[in-house]
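Residue numbers (the working numbering), protein chains in the order written: chain H, 1 to 363; chain A, 1 to 154.
Worth flagging that the hints you see were computed from the coordinates, not collected in a lab.
A couple of the hints might just be wrong.
[Claimed, not checked] Simulated pairs of lysine-lysine, BS3-like, Cα-Cα distance not exceeding 27 Å: (1) H/K20 <-> A/K50; (2) H/K5 <-> A/K50; (3) H/K171 <-> H/K228; (4) A/K128 <-> A/K50; (5) A/K50 <-> H/K2; (6) A/K128 <-> H/K5.
Note that the structure is predicted; figures quoted are calculated from it, not measured.
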Amino acid sequence: MKYFKSYMDRQEASPELHEKLLQLEPPKKRRGTVWTRYGTLAACAALIIGLGMWRLAPGPAPAEDAQNACQVTPDYNPQPGEQDTAGPDAPAPAPAPDSQAAALDTAGPDLKSKNLEGSVSRKYPGDSLVVSSPRAGGDVGGKLAFPMVPFINYQDITGTDTVSMDWCWAKGTFRVFLTREDIQTIFWGPEGKPEADYPKNEQGDLPWMLFWDGYTIRAHAWYSPEGKLLEVFLTGERDESSFELRMDPGQLPTTCLYDPDVDTSEVFGTEVTGWSRLCDWDGDGQDDYICGSEFITRNDIGIRFENRGSSLRAEYTQGGDMDLGGACTFNALFVRWALAEDGGPYLDHLLTAECPDDPDGTW
Amino acid sequence: MLRTSNRPVDWEALVTQNEDRLYRAALAILGDPQEAEDAVQDAFVRFLEKAPDHLENPSAWLMRVLVNGCRSRLRLAWRRVDPLPDTLPAPGPEEGQELEELYSLPPADRALIHLHYYEGYSTAELAKMLGCRPGTVRSRLFRARERLKKLLEP
């Protein structure tokens, strides 16, 4: 370290900085007008009232060839390596544990390619749920509280070297499309949603503190040939924003984009790996903010949650970009819910499924 | 609570005692003298605005604010510091290799190395400063040391 020390010993703040620092004065305290003083509170209250309750509403009409939800889809026979075309909005299936090869490259965001190709031909066989705020603007007696947003170091991995995994699901793996009730149970648990705090108010069908208002939610689950749950894959889309949530019992979801240097943060005593990147997700020439997090919940569910933009604009760090801050806040709010003592996902109702009769109908 | 002033009586002493050490830490993390000076100025401004009354250790408070400010700058700038950034003041002939190895570390590890080995903060102090467990600091230092074996040789 001697050369590092000798180098640093020579480094000094400039005389100009010294003068600036000496001239610094405490900021003048001033009372704002009533509007500036209460404006923030009012905006926060309006936001909470608007978003205070949530409801899952039926999504687009089911596809003509759609089967009943929560059943296997023997007519769907994707091949290993094939791009997922499950629905106009559904991203590709998640990586599988039986990875075949790993190669160093500088791959860009894998999610981009997932969403761009082959996304028009197949309608989603499961339920589509639009999370809505049923009484926005009404007198709902919403809580005047804003959830604490944990700080997660969403380390920038834009342009960094990554390890890209080439993989496919094992033969015989099959998937089940989830119903609205399945999805709700993931978020509320077997007891269902709690009683509303106000009689005139609904609690909402998804925890409101997720801030998923307006997102169209779809989900399916992957099972081993023996019918054991491998992964629940959930997507949400709203305008230009979207997210993917992968949940694996007992382990972190296998990743196909790995940066070994990504830092971790602690949220409620749990280590959370956070990352962010900037890329042109949808090929419109505009860069999109991507935020991701990975962690294991208290009930041993491995989570990988990645969102592109968000419906929020927020200052996640002082003076930071509002769109980036919104994306980080959106991600951090999910992490908070997933790791809170009274929150977190529940998958016990999905742990097993029967293999379809026609083995050729599986992947 | 409104306060009339956060400015310590001996503001000049506070600046003089801390400006260089803060600047060096910011330079180690950010790799850019101009950004480092901005970060130092931000830390002092924040001191005037936010520092609690009767601070036991103003120097440690300033360093914590500085490190957090540097992290924000790195994150918000959507960039990484390249190995041996060309914005750094030129190193001497024998210093270049060590600096290059240090700047090849992730910023968080680089900050830890600087604060531990140059500034002399203990792992407990660093844990408090960075808001993580001492074990996390130790494991990060271990990881950084592994990558810096060459650099850390006496």
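Evaluated hints:
1. Of the pairs offered as hints, the one joining H/K20 and A/K50 holds, with about 19 Å between alpha carbons and a cut-off of 27 Å not exceeded.
2. The suggested pairing of H/K5 with A/K50 is violated, with an alpha-carbon distance near 32 Å, which exceeds 27 Å.
3. Taken as a hint, the H/K171 and H/K228 pair is honoured in the structure, with Cα atoms around 14 Å apart against an allowance of 27 Å.
4. Distance restraint check for A/K128 and A/K50: the Cα-Cα separation of roughly 18 Å lies within the 27 Å cut-off, and the hinted pair is therefore satisfied.
5. Using a Cα cut-off of 27 Å, the hinted pair A/K50 and H/K2 is violated, with the two alpha carbons roughly 36 Å apart.
6. For the proposed pair A/K128 and H/K5, the alpha carbon gap of about 24 Å is at most 27 Å, so the pair holds.
The earlier numbered hints that this structure contradicts are 2 and 5.
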